[in-house]
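Colleague: Now for the letters of each chain:
Number of protein chains: 4
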Amino acid sequence: MPRVFKSVDISKEEKEIRKDYFDRHTPWVICEDTAKRGEKFKVKVKLGRDYVHPADPDHYIDYIQLWNRETLLADLRITPMVLGNNSGQVEVDFYIVPQNSMNLSAMALCTKHGLWQSDSKEVLIRD
Amino acid sequence: MPRVFKSVDISKEEKEIRKDYFDRHTPWVICEDTAKRGEKFKVKVKLGRDYVHPADPDHYIDYIQLWNRETLLADLRITPMVLGNNSGQVEVDFYIVPQNSMNLSAMALCTKHGLWQSDSKEVLIRD
Amino acid sequence: MPRVFKSVDISKEEKEIRKDYFDRHTPWVICEDTAKRGEKFKVKVKLGRDYVHPADPDHYIDYIQLWNRETLLADLRITPMVLGNNSGQVEVDFYIVPQNSMNLSAMALCTKHGLWQSDSKEVLIRD
Amino acid sequence: MPRVFKSVDISKEEKEIRKDYFDRHTPWVICEDTAKRGEKFKVKVKLGRDYVHPADPDHYIDYIQLWNRETLLADLRITPMVLGNNSGQVEVDFYIVPQNSMNLSAMALCTKHGLWQSDSKEVLIRD
Numbered sequence: 089m090p091r092v093f094k095s096v097d098i099s100k101e102e103k104e105i106r107k108d109y110f111d112r113h114t115p116w117v118i119c120e121d122t123a124k125r126g127e128k129f130k131v132k133v134k135l136g137r138d139y140v141h142p143a144d145p146d147h148y149i150d151y152i153q154l155w156n157r158e159t160l161l162a163d164l165r166i167t168p169m170v171l172g173n174n175s176g177q178v179e180v181d182f183y184i185v186p187q188n189s190m191n192l193s194a195m196a197l198c199t200k201h202g203l204w205q206s207d208s209k210e211v212l213i214r215d
Numbered sequence: 089m090p091r092v093f094k095s096v097d098i099s100k101e102e103k104e105i106r107k108d109y110f111d112r113h114t115p116w117v118i119c120e121d122t123a124k125r126g127e128k129f130k131v132k133v134k135l136g137r138d139y140v141h142p143a144d145p146d147h148y149i150d151y152i153q154l155w156n157r158e159t160l161l162a163d164l165r166i167t168p169m170v171l172g173n174n175s176g177q178v179e180v181d182f183y184i185v186p187q188n189s190m191n192l193s194a195m196a197l198c199t200k201h202g203l204w205q206s207d208s209k210e211v212l213i214r215d
Numbered sequence: 089m090p091r092v093f094k095s096v097d098i099s100k101e102e103k104e105i106r107k108d109y110f111d112r113h114t115p116w117v118i119c120e121d122t123a124k125r126g127e128k129f130k131v132k133v134k135l136g137r138d139y140v141h142p143a144d145p146d147h148y149i150d151y152i153q154l155w156n157r158e159t160l161l162a163d164l165r166i167t168p169m170v171l172g173n174n175s176g177q178v179e180v181d182f183y184i185v186p187q188n189s190m191n192l193s194a195m196a197l198c199t200k201h202g203l204w205q206s207d208s209k210e211v212l213i214r215d
Numbered sequence: 089m090p091r092v093f094k095s096v097d098i099s100k101e102e103k104e105i106r107k108d109y110f111d112r113h114t115p116w117v118i119c120e121d122t123a124k125r126g127e128k129f130k131v132k133v134k135l136g137r138d139y140v141h142p143a144d145p146d147h148y149i150d151y152i153q154l155w156n157r158e159t160l161l162a163d164l165r166i167t168p169m170v171l172g173n174n175s176g177q178v179e180v181d182f183y184i185v186p187q188n189s190m191n192l193s194a195m196a197l198c199t200k201h202g203l204w205q206s207d208s209k210e211v212l213i214r215d
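In the order they appear, the protein sequences are chains X, R, A and Z.
For what it's worth, this note's numbering labels the leading residue of the first sequence as 89, then goes sequentially.
For what it's worth, this note's numbering labels the leading residue of the second sequence as 89, then goes sequentially.
For what it's worth, this note's numbering labels the leading residue of the third sequence as 89, then goes sequentially.
For what it's worth, this note's numbering labels the leading residue of the fourth sequence as 89, then goes sequentially.
Bound conformation, chain X alone (with noise of 0.2 angstroms):
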């Protein structure tokens, strides 16, 4: 059964321990707050702020996926040891045509960690 790990559940006592297991493996959604309805939004989703991920046979980052609330927009698979795996910081920019407002979240599949879960990005529209 894959657990999934999220960023809210996860102490801030326990957050500063593990500092460098917590922020290698959760992906962040970074993007603007609010968006212009039926034009082109740039979302970039990105893998640890300062530590970087490893990225060895057995040991790497799977997927990367790109979530409106229960609706999976985008699903990037990478192959390992290639692309930003090198570095072990998973970058990626997607872009968006909304045409309501988005709660936004994003999943990381580590192979020998499982599944994270980025916070939540609340984006709003206007015309």
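Simulated from the structure, these hints should not be mistaken for lab results.
Careful: at least some of the hints might be erroneous.
Since copy identity is lost for identical chains, a pair holds within one copy or between any two.
Dumping the calculated BS3-like pairs for lysine-lysine here, alpha-carbon to alpha-carbon at most 25 angstroms [claimed, not checked]:
1. K132 with K209
2. K124 with K107
3. K130 with K94
4. K107 with K132
5. K128 with K200
6. K103 with K124
7. K200 with K94
8. K200 with K100
9. K209 with K130
10. K94 with K132
11. K128 with K100
Given the structure is predicted, the values throughout are model-derived calculations rather than measurements.
Based on these hints, arrange chains R, A and Z on the given structure of chain X.
Modeller: Relative to the frame of chain X, chains R, A and Z by itself:
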């Protein structure tokens, strides 16, 4: 934030009341209880025992995943409106070559109702 | 530019000389010659008849796709070093619910030797 | 048997006559001509320069792949009717950490018109 609906979390009562809803969304893992080490072992994953899931342009089963504990074994993307999706009863047989005992589970993504997780299935290894 | 290696393009002579190389890379589609319209129909895709493909960290089968003419039916991503990949002999059974006659083929991606295409398999529909 | 439509195989005349058809199906790889060894390098893949692809339930862009010669770097599955698919102009930025010179190309799958391959893009490495 994608939620994960798990068969174990749903009360018996609720399962009875909304029997068709739970049945057609929940994947199940079907295989023998023991496997011979290093030999091909068939694992069937199926959606719905008694009820069929819809297959509409905006409501279909998007993917089926097979997991061994925290490890993703296989990820099957299904093009909507074709394949087993026609009938809403997705079915696939994977062939594993296990080295150790396994705790298998499956995940299914419905484009309207989120992620669904099967009961887990223990498989013991024999030599 | 990924090339696509097709069984039909390779001369009989060359196939004989490098028999193991071609055999272990070429997927094959195994199913009945006719299917009943609207009923579940099993399609097996297998890699290698007589030889097994390696399963090394930098050399493995990454995905298997099932196509009906120009239409992708299903796309199976396999986590390296696990599943049928252990033995190098990937195998999967898809279940299709066909409405019309089909011309099936499979594609396999080897991380070292590119894309490989099976012979095509005609399936006629009966009522 | 999925055919692969390549920009280089299509005559200049044909491209002129069916300009919109070719334009909206052909992905293009956009990046600098040189990259610094071991540093993150941005590679944009975009569909359509002047024309937008439809985004209908049975006619949409299903996936975008980024290749370095015979090696798949990344495989992006896009849920139909959402994301950049809304506008038909799929766009994504990958971040590579190259160690050697590359020959990049992209593939796009249209659910109605098959596989389309971009022109290839040489990237030289500098220290």
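Colleague: Looking back at the hints listed earlier, which ones does the structure fail to meet?
Modeller: 2, 6 and 11
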